[in-house]
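2 protein chains.
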Amino acid sequence: MTKEKQQNIQAITNMEEDFARWYTDVIMKTELADYSPVKGFMVIRPYGFAIWENIKNEYDKLFKQTGHENMYFPLLIPESLLVREAEHVEGFAPEVAWVTHGGGAELAERLCIRPTSETIICSMYSKWLQTWRQLPFLYNQWCSVVRWEKTTRPFLRTSEFLWQEGHTLHETEAEAQAETMQMLNIYRSVAEEYMAIPMVVGQKSEKEKFAGAHATYTMEALMHDGQALQSGTSHNLGQHFTKAFDIMYTDRDGKRSYPYHTSWGLSTRLIGAIIMVHGDNSGLVLPPKIAPIQIVIVPIAQHKEGVLDKAYELKNILKEYKVKVDDADGYSPGWKFSQWEMKGVPLRIEIGPKDIEADKCVFVRRDTKEKIDISLDDIQSAVAKTLEDIQNNLYKRALDMREQKTSTAVNIEEMKAKLKENPGFIKAMWCNDRHCEDTIKEQTGASIRCIPFEQEIIGEGKCICCGSPADKMVYLARAY
Amino acid sequence: MTKEKQQNIQAITNMEEDFARWYTDVIMKTELADYSPVKGFMVIRPYGFAIWENIKNEYDKLFKQTGHENMYFPLLIPESLLVREAEHVEGFAPEVAWVTHGGGAELAERLCIRPTSETIICSMYSKWLQTWRQLPFLYNQWCSVVRWEKTTRPFLRTSEFLWQEGHTLHETEAEAQAETMQMLNIYRSVAEEYMAIPMVVGQKSEKEKFAGAHATYTMEALMHDGQALQSGTSHNLGQHFTKAFDIMYTDRDGKRSYPYHTSWGLSTRLIGAIIMVHGDNSGLVLPPKIAPIQIVIVPIAQHKEGVLDKAYELKNILKEYKVKVDDADGYSPGWKFSQWEMKGVPLRIEIGPKDIEADKCVFVRRDTKEKIDISLDDIQSAVAKTLEDIQNNLYKRALDMREQKTSTAVNIEEMKAKLKENPGFIKAMWCNDRHCEDTIKEQTGASIRCIPFEQEIIGEGKCICCGSPADKMVYLARAY
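Keeping their order, the protein sequence lines are chains A and B.
With numbering that gives the first Met the number 0 as the guide, the letters of the first sequence map in order to residues 0 to 479.
With numbering that gives the first Met the number 0 as the guide, the letters of the second sequence map in order to residues 0 to 479.
Everything labelled a hint here was simulated from the structure, so no lab data went into it.
Accuracy of the hints is not assured; some may be wrong.
Since the list gives no way to pick out one identical chain from another, each pair is judged satisfied if it fits inside one copy or across any two copies.
Dumping the calculated DSBU-like pairs for lysine-lysine here, alpha-carbon to alpha-carbon at most 30 Å [stated by the list, open to error]:
| # | residue 1 | residue 2 |
| --- | --- | --- |
| 1 | K288 | K63 |
| 2 | K321 | K404 |
| 3 | K440 | K370 |
| 4 | K60 | K335 |
| 5 | K303 | K208 |
| 6 | K314 | K384 |
| 7 | K359 | K318 |
| 8 | K359 | K314 |
| 9 | K55 | K321 |
| 10 | K353 | K335 |
| 11 | K461 | K38 |
| 12 | K28 | K254 |
| 13 | K149 | K370 |
| 14 | K38 | K318 |
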């Protein structure tokens, strides 16, 4: 290893030493994001934003394929609207930002910056919906929301974040439930197939559900440090908001009815998941399907005749991929290697005079750091295969990691011991009682992440806390 | 004309009677946008948002092709940052919204919702920029901004609007000027080629330039009622902000230097331009390249055997276009015709049992309302040609309209008379004096829209106001 390479890598804290610092180092050094002059607010830099654009495009395509259309609602919500659904205001009022002055004057009613848009959207839906012929309403918006946070961390918890929020209305409860599940499945499929992050999917407990929801469903991922990250939620809102906002329509029988309602959201938080699931001590590791740069070509001895030409020729052959030729002057190949490794580019191609003579190039995989000589004649099929292998390997590696970090426990003492020796998910039985849920949290720091759809019986089927018969298996973990 | 068709069209006010009401009627009836519970803020509905997505995609593609990358900066700007550039704060402070409370507590410093992001972006650029090797900085963001407005109108002037703002840094003044011009050209090319709106391009007067700019360039369009609409601006900011924000770098000679700076923005206002340039008394008229639905297929006698099958077969043949088959039950073809006419769909295809028998269908162009029988064998080439004709015709029609509404004047009396008999652009000479500019505005209500790049001499080359020799020809108009 060259000296400069060592220096570069040393600049990132070892994740085993200090995971939180490793995380922040990766974000800052790879220029995904930066702190801003406003406390708790971050700047998403081009490399981070390009990942978000890729995530957004994949989801947006699937939203549209399933009949959803995008809209845009106002940033500001009058206080009188925010307070109309009781549970909702209780959940969100403490963390909103208030606008009190505009255009040089104090406002008659203060306005909050949207923490989520159920209330303002419902106020419009009540105006627009007249008859069952208009249903379902299948709408979504991509926007930023503000939730005032005391302690913040880039991508994971910031006072402002980018997200999408879907808001739908349906004639029947069954249709709303089907929509809630459909969107959760779309969330999971892109997370697994594009971001290579295996998800546990299931239902939130009453305590953990969205403020105002009938039921909340979630996908939960496990990070390298054994903490869980809630990565997307889909809510069956029943008629809570449609009643609070007088959304009524003439149904097929000519009666006035309230529609059933869903909402679902995911955010730039997913970028935090990508970092903490795939990253290593050299920096980011990006799945090829979501990487802003899939392949970096580093010319060796680039001033020798024909080298740069060959590098650009390869770029042109590979033009269906996102390829960068790093022909920067004044930096050694070794320095470039470690830079692009840090930035998580899935595949590096090295090409120099000796390679050209031998009609070959060198592939270096970011996930395994394996070096392979590739004949230039085979380059297209080799790239396709290698990127696919990397994508699959990252998913498999993440799944192995999660399985290795998932334990079972039948009582709280065992749970504490397991969390200590192998932090991660604990699968355990729960009696569905809020008091037990609170006790577990107090004693272990772990919360119920979800009641997974795939149930099993742990031990003798008794609640991990109170020991009474329990019919629910839950995933527990400390969480971001 | 059927009775129901008449009713539908009557629902839109005649533009010759009341242009402002015609405009609002079109927006509300076609469901482009709606008023919201927050005064001055609008909701952009799916049909309007889909137009914005099409506009955005075209521009974003060209921004990226010219090397720009997207980022995201915080929504909120501390007051201490907003006030750092003197002209800028004077221009924007009166119209910002202030956040004074967050997370249940009063903030130590109030934060404004961005009216534009020069200040917060410059504060970050000063941190990021170290050496000339990093230049140019070519960044853009798509977001919403808030400018508190007293009188608002959907798309044209609302307290919140969606836009993009590019912010670039360069080593030399010449590069910054070239960037400013390049972006203005991109603005113009999409406006003309996709939105079919001819633009007058030129420089703003000192009075009308952006607060804090060295020079502002603009594209201006003329609406059906003879008023101008500023449709996109590109600013050469010189070193005003880079000095105020201490953005310095080590230049090629090893000296500490301030970079040169540009910014450029366009917004959802362009949707207002599309409505007011192309629309007619039946409603919207959308250019094919920007229409969310390019072709609507309306089956006639749709319950007769084979009709719906044929309609969907045509849709499938035309799958490279955005096609909708309107197979809604319970609505007559006549009702559907007028609905889609109102919504501005460029091409309607009617197909019924008699057409199928004759192996043909009927094309109805939205721009000319012309009906043409088309053999089903020729449908693909006929669609391609018809959409291209519509696109070209809309541009030509808009250009003819603008030319018809452009007059010259050599003194203010003549200008008043011309504006009265034929409201629109006035081309006139101006001595470059602010006092004359103000006088013209006071006496005619028209402002200097720009000093166009294509100059000519009007009359004897004397200022329209003071009569002294004038070397600038300007476009004047009443404006939105």
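Each hint, compared with the structure:
no. : hint         : verdict
1   : K288 to K63  : both (20 Å within a copy, 20 Å between copies)
2   : K321 to K404 : neither (34 Å within a copy, 48 Å between copies)
3   : K440 to K370 : neither (46 Å within a copy, 71 Å between copies)
4   : K60 to K335  : between (35 Å within a copy, 28 Å between copies)
5   : K303 to K208 : neither (63 Å within a copy, 51 Å between copies)
6   : K314 to K384 : within (17 Å within a copy, 37 Å between copies)
7   : K359 to K318 : within (19 Å within a copy, 43 Å between copies)
8   : K359 to K314 : within (15 Å within a copy, 48 Å between copies)
9   : K55 to K321  : both (17 Å within a copy, 22 Å between copies)
10  : K353 to K335 : within (19 Å within a copy, 69 Å between copies)
11  : K461 to K38  : neither (46 Å within a copy, 56 Å between copies)
12  : K28 to K254  : between (61 Å within a copy, 26 Å between copies)
13  : K149 to K370 : neither (46 Å within a copy, 65 Å between copies)
14  : K38 to K318  : neither (42 Å within a copy, 49 Å between copies)
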